[in-house]
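One-letter residues, chain by chain:
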Amino acid sequence: MKIRPESFRFHEYVLFATVTLVTLILCICIGSVNIPVKETIRVIWRAISGLSMAESKAVPILLSVRLPRVLCVGLVGASLSLCGGAMQGLLKNPLADGSTLGVSSGAALGAVVAIAFGLTIPAFPFAGTMTMAMLFAFVSLTVILALAYRLDASLATHTIILIGITYSMFVSSIMTLVITFAGEKVKHITFWMMGSLQGSSYANALVLLSALLLFGGVILRHSRELNAFAIGEDNARAIGVNVKRVRLIVLICVSALIGVCVSIGGTIGFIGLVTPHMVRMIVGPNHRRLLPATMMGGATFLMLADLVARVLLNPLELPIGVVTSFIGSIMFISIFYSSRKVK
Amino acid sequence: MKQLKQLKQLKHAGIPAILMALIMLLTAISGCSKANDGAATTIKSKTAVTVTDMTGRKIILDGPAARVVALTPSDCEILYAIGAGGTIVGRGEYCDYPAEVMNVPSVQSGANTNIEQIIALKPQILLMSTMAQTDEQVAALEKAGIKVVVSDAQDVAGVYTAIELIGTLMGRQQEAAALTESMKNTFKTLSAKVKGDGTKTVYFEVSPLQYELWTAGSGTFMNEIAGMLKLSNIFGDVSAWGKITEEQVIERDPDYIVTIAMYFGEGPKPEEEILSRTGWKNITAVKNGDILNLQNNELSRPGPRLADGANMLYEFVYGETGN
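Protein chains in written order, with this note's numbering: chain A, 200 to 542; chain B, 9 to 331.
In short, the hints are calculated from the structure, not lab data.
Check each hint, because a few of them may be wrong.
To be verified - Derived CB-CB ranges, DEER-like:
1) Y536(A) - T207(B): 41 to 47 Å
2) K277(B) - F316(A): 19 to 25 Å
3) I243(A) - K295(B): 48 to 54 Å
4) G227(B) - V342(A): 46 to 52 Å
5) R245(A) - G227(B): 41 to 47 Å
6) Y348(A) - G297(B): 56 to 62 Å
As the list claims (entries may be wrong) - Under the rule of at most 30 Å between Cα atoms (straight-line distance), these lysine-lysine pairs were calculated in the DSBU-like manner:
7) K295(B) - K237(A)
8) K208(B) - K256(A)
9) K203(B) - K237(A)
10) K192(B) - K203(B)
11) K295(B) - K277(B)
12) K201(B) - K238(B)
13) K277(B) - K289(B)
14) K155(B) - K208(B)
15) K208(B) - K192(B)
16) K155(B) - K196(B)
17) K201(B) - K130(B)
18) K66(B) - K192(B)
19) K277(B) - K256(A)
20) K295(B) - K256(A)
21) K291(A) - K443(A)
22) K208(B) - K130(B)
23) K208(B) - K295(B)
24) K66(B) - K201(B)
25) K130(B) - K203(B)
26) K289(B) - K256(A)
27) K256(A) - K238(B)
28) K203(B) - K256(A)
29) K66(B) - K130(B)
30) K192(B) - K238(B)
A quick note: this is a predicted structure, and the numbers were derived from the prediction, not measured.
Where is the CB? At the ideal position from N, CA and C, for every residue including glycine.
Could you put together the complete structure from these sequences and hints?
Printed below as a string of structure tokens:
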């Protein structure tokens, strides 16, 4: 039997980080408008070193449009994948993810309610939708888990997914109702629901980064407890894990992260579900290795998907969800089948 | 115990159902009270009217129509413009111009077209565009004795056809001809006055950045009117409507920006919002503040107001009154 060290070794960190970084650079260099690599490097270098630049179109395209967007996409990908990985471990459920459990739809409902009723915090234009999205994500997760526990204390895969999907449908019906009664703001909401990473700013990226550092950090610190959960809740209790407390902490962090991502980028399906599985094939199931790898894998995956969305039909742009679902489902099924065969 | 639980669940399920029923009842009542009596309009003549609608279907009426349900906003506008606004007994929910039309009972339109609502209004004809109606829906309406007339203008010439068609239906051929004539004159005067050499570019923003950028490409009314005014659409290579990348707008650097984004009275106005976008500062239109916000669908509806829209665009670009 091959024994892996529990956490990442240094060179593995370097390897994963390099892949992510290379993808990041690739996504900055390629875009809807063709800018020579030399020019790209020059602009970015001058921006970093604070030198003045000649006015050319490449400057705003790179610095105000492409770079913040790629950063936001990468951070959203990392956050959603981390959430998926953490939930799959916590619930011992390979199908757990923000979208299958209805947490993303819950967060979306929160944001829609905030837009429809004009809930804003004056100084921070996006804080209203974000807070509501986070709150609704947490409430959704609590409701779904509470319902599932009452039906089936072992939280079997099918029970929780069934409840999650039912909940998603319930939430989307409420969302439609809100939209029907919201009148002239309808346009606002319907467009918002599609989710958009267009117009991402450095401020968005900063919010995402802080959320990831804070909540993601807490989740990562509970990797070992998640390992225990992945074997079984009783097992976790037996080896001295404070089951209730850890579960609550992880759920709060997951909802907060999903809430932030949804309020900035809309609901992006599939990524939280697929990435942890793909990464698990590479690094194994230990959460101390899996979670950091999942974050980097998710960032890479979503950045590449966004790249395809941006350049495939130039000058048109595809919705990113189309690309993630298309590539994601094919990859997922092929991984699923090949892993089954090995067994 | 279990039964009690089930009973409880049933009770809870009941509340939303009752609420829904109440809502439905309320809407029904309000709908009834609003219904006005459009039948009062006098019928001009009793001669049979035969028209061919824009899908090539032949429609025969005993006389000019006196009760009309119009689902498309542009058809409502045409009806009012030829002085037949009083015949409208029902309007599609998005018909909002002229203001009087808001007093007419509204019905669902598009994919949600509700045949029962339309039949209840007892129109002689139903005016609509082909966009979302299925053959089954049309057949059901014909069965109820309602003639379905399709007006589906794809370009300015199509608008003239639609006006002529509706004019014939309503027995108002002269008014229709006059309307078409005035539109044609407007466009003719404008194109004659235009001094541009076709090098100035325009970008039409249909949906603003925060809801994803959508533009109007070739085959749209905006594109056609821009062509009349010798403006070239920077997204002429996009067919119809499309979601475009922000990078391309900056790259193609339009001289003018026309946005049709709605303003809800809060936050920055559409033109201010465009001016404040980071990365857009060097776009010629943004630098010069040449951004026009058309709030009322002047250039997006195949109706008589296309002429107004063209005038507004001319005034905006060339800085003088058009007509």
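Now for the hints, and whether the structure bears them out:
no.	hint	in the structure
1	Y536(A) - T207(B): 41 to 47 Å	violated, 58 Å
2	K277(B) - F316(A): 19 to 25 Å	holds, 22 Å
3	I243(A) - K295(B): 48 to 54 Å	violated, 24 Å
4	G227(B) - V342(A): 46 to 52 Å	holds, 48 Å
5	R245(A) - G227(B): 41 to 47 Å	holds, 42 Å
6	Y348(A) - G297(B): 56 to 62 Å	holds, 60 Å
7	K295(B) - K237(A)	holds, 28 Å
8	K208(B) - K256(A)	holds, 18 Å
9	K203(B) - K237(A)	violated, 41 Å
10	K192(B) - K203(B)	holds, 19 Å
11	K295(B) - K277(B)	holds, 17 Å
12	K201(B) - K238(B)	holds, 11 Å
13	K277(B) - K289(B)	holds, 17 Å
14	K155(B) - K208(B)	violated, 46 Å
15	K208(B) - K192(B)	holds, 24 Å
16	K155(B) - K196(B)	violated, 36 Å
17	K201(B) - K130(B)	violated, 48 Å
18	K66(B) - K192(B)	holds, 27 Å
19	K277(B) - K256(A)	holds, 26 Å
20	K295(B) - K256(A)	holds, 13 Å
21	K291(A) - K443(A)	holds, 15 Å
22	K208(B) - K130(B)	violated, 51 Å
23	K208(B) - K295(B)	holds, 15 Å
24	K66(B) - K201(B)	violated, 41 Å
25	K130(B) - K203(B)	violated, 52 Å
26	K289(B) - K256(A)	holds, 10 Å
27	K256(A) - K238(B)	holds, 25 Å
28	K203(B) - K256(A)	holds, 29 Å
29	K66(B) - K130(B)	holds, 21 Å
30	K192(B) - K238(B)	holds, 17 Å
Hint compliance for this structure: hints 1, 3, 9, 14, 16, 17, 22, 24, 25 are not met, and every other hint is.
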